[in-house]
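S.K.: Each chain is listed here by its residues.
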Amino acid sequence: MAKVFTLEQRILKRNSEVAEENRRGFDAQGVFVVSLASSPGSGKTSLLEKSLALLREELSVGVVEGDVQTDRDARRIEALGVPVVQVVTNGTCHLDAQMVQGALAHLETGRMELLFIENVGNLVCPAAYDLGEHLRIVLSSTTEGEDKPLKYPAMFRRSQAMVLNKIDLLPYVPFDLAEARTMALRVNPSLEIFETSCTTGAGIPEFCQWIVQKLSETSAA
Amino acid sequence: MHEASIVESLLDLVVQNTPGSARVRRVDVRVGLLTGVSPDSLQLYFEFLREGTVCDGAEMAVTLQPLLAHCENCGTDHTLREVDWVCPACGQGALTFRNGDELHLESIEVDNGEGIHAGAADSQAQQ
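In order, the protein sequence lines correspond to chains X and Y. Heads up, the first sequence stops at 221 in this note's numbering, and the numbers go up one at a time, no gaps. Heads up, the second sequence stops at 127 in this note's numbering, and the numbers go up one at a time, no gaps.
No wet-lab data here; the hints were simulated from the structure. Keep in mind that the hints are not guaranteed to be accurate.
What the hints assert, rightly or not - Interface residues of chain Y toward chain X, partial, derived using beta-carbon atoms under 7 Å:
id	residue
1	Leu10
2	Leu11
3	Leu13
4	Val15
5	Asn17
6	Ser21
7	Thr35
8	Gly36
9	Ser38
10	Trp85
11	Pro88
12	Leu103
13	Ser107
14	Glu109
15	Val110
16	Asp111
Idealized CB from N, CA, C, for every residue including glycine.
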């Protein structure tokens with residue numbers, strides 16, 4: 001005899017539970033956690049390098065690097081003298097909450113105030129996985145076209161800020177900043193937008209200021 | 001591509017909710033249009049990953065949940081079957097969505113089920 005069981009359960013329930021565990025742990029330790037996601041090559045690691053140079057002056061910082069292969073990104077962060085742990089996913093196209101939890105065992109977060117998690121370069125898959133972060137930032141760049149938010153809405157909807165990187169290339173690429181803003185805000189009207197160049201450093205101080213502001217709002221709450 | 005991981009989580013959830021000796025005949029899944037999850041891709045990975053689990057030989061039905069949209073500009077409500085960011089009534093890009101992020105295991109149909117595991121005590125069984 002066949003029976004039907006109505007379950008109505010979220011498929012990624014287990015990931016959400018671990019993400020909540022992570023978040024409670026971060027809150028208990030007073031670590032503010034920011035994740036970065038984008039297509040490959042938008043400049044996540046470069047943005048981190050530039051931002052950490054400023055942020056480390058004020059805060060104790062750390063980084064979790066996610067990549068499908070190699071520890072090249074972690075070595076770039078390590079060169080700055082910032083504590084970093086590399087997660088190599090071996091083919092998996094996103095980080096999940098459990099991978100982050102595993103990485104935390106290798107990172108001294110006790111006195112850390114700000115932790116960045118750099119996701120695998122991919123605008124689709126990471127969107128579905130809560131990692132336990134407090135803030136999600138999505139990057140897009142002037143070499144990618146203005147319509148990324150419309151094509152990959154899940155990531156842009158679930159982020160609190162968009163960093164439009166590589167603005168130093170604007171004279172050389174057919175990229176319309178106003179159009180990019182319009183499209184991003186259509187998908188997520190509350191998105192904060194920053195325009196940056198990791199080559200010239202433009203916009204990096206404003207971006208860092210906003211992170212610090214968000215951090216202090218959270219610790220005041 | 002993350003559909004492989006989603007199907008792995010789905011299979012874990014089905015195993016947790018399937019009585020010990022039972023076989024699963026059918027799995028019903030509901031996907032929101034804003035998740036970016038591809039139903040075809042889910043099917044592909046389900047057929048591949050179900051082997052050797054309680055779902056071996058089971059079919060999976062994926063339903064795309066229509067999107068409930070409200071236009072902040074003209075105040076109209078719409079039910080969309082595909083994602084659109086422009087209001088069908090006034091043509092402005094002022095739509096907000098009431099749903100779209102669903103990624104749910106709705107139900108399972110099993111053979112020889114004699115009960116259900118503790119984790120799903122709030123579920124209803126139908127003959």
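S.K.: Evaluate each hint against the coordinates.
M.R.: Hints and how they fare:
1. Leu10: Since chain X brings a Cβ to about 5 Å from Leu10 (chain Y), closer than 7 Å, the hint holds.
2. Leu11: Check failed: Cβ of Leu11 (chain Y) comes no nearer than 10 Å to chain X, outside 7 Å.
3. Leu13: 6 Å, holds
4. Val15: Violated, about 12 Å.
5. Asn17: Holds. Min distance 6 Å.
6. Ser21: 13 Å, violated
7. Thr35: At about 6 Å, which falls below the 7 Å cut-off, the nearest Cβ of chain X leaves the hint on Thr35 (chain Y) intact, so it holds.
8. Gly36: With a minimum Cβ separation of about 4 Å from chain X (threshold 7 Å), the hint on Gly36 (chain Y) holds.
9. Ser38: Violated: closest Cβ of chain X sits about 9 Å from Ser38 (chain Y), beyond 7 Å.
10. Trp85: 5 Å, holds
11. Pro88: 15 Å, violated
12. Leu103: 5 Å, holds
13. Ser107: With a minimum Cβ separation of about 5 Å from chain X (threshold 7 Å), the hint on Ser107 (chain Y) holds.
14. Glu109: 5 Å, holds
15. Val110: It holds, given that the least Cβ distance between Val110 (chain Y) and chain X is near 6 Å, below 7 Å.
16. Asp111: 6 Å, holds
Hint check: violations occur at hints 2, 4, 6, 9, 11; the rest are consistent with the structure.
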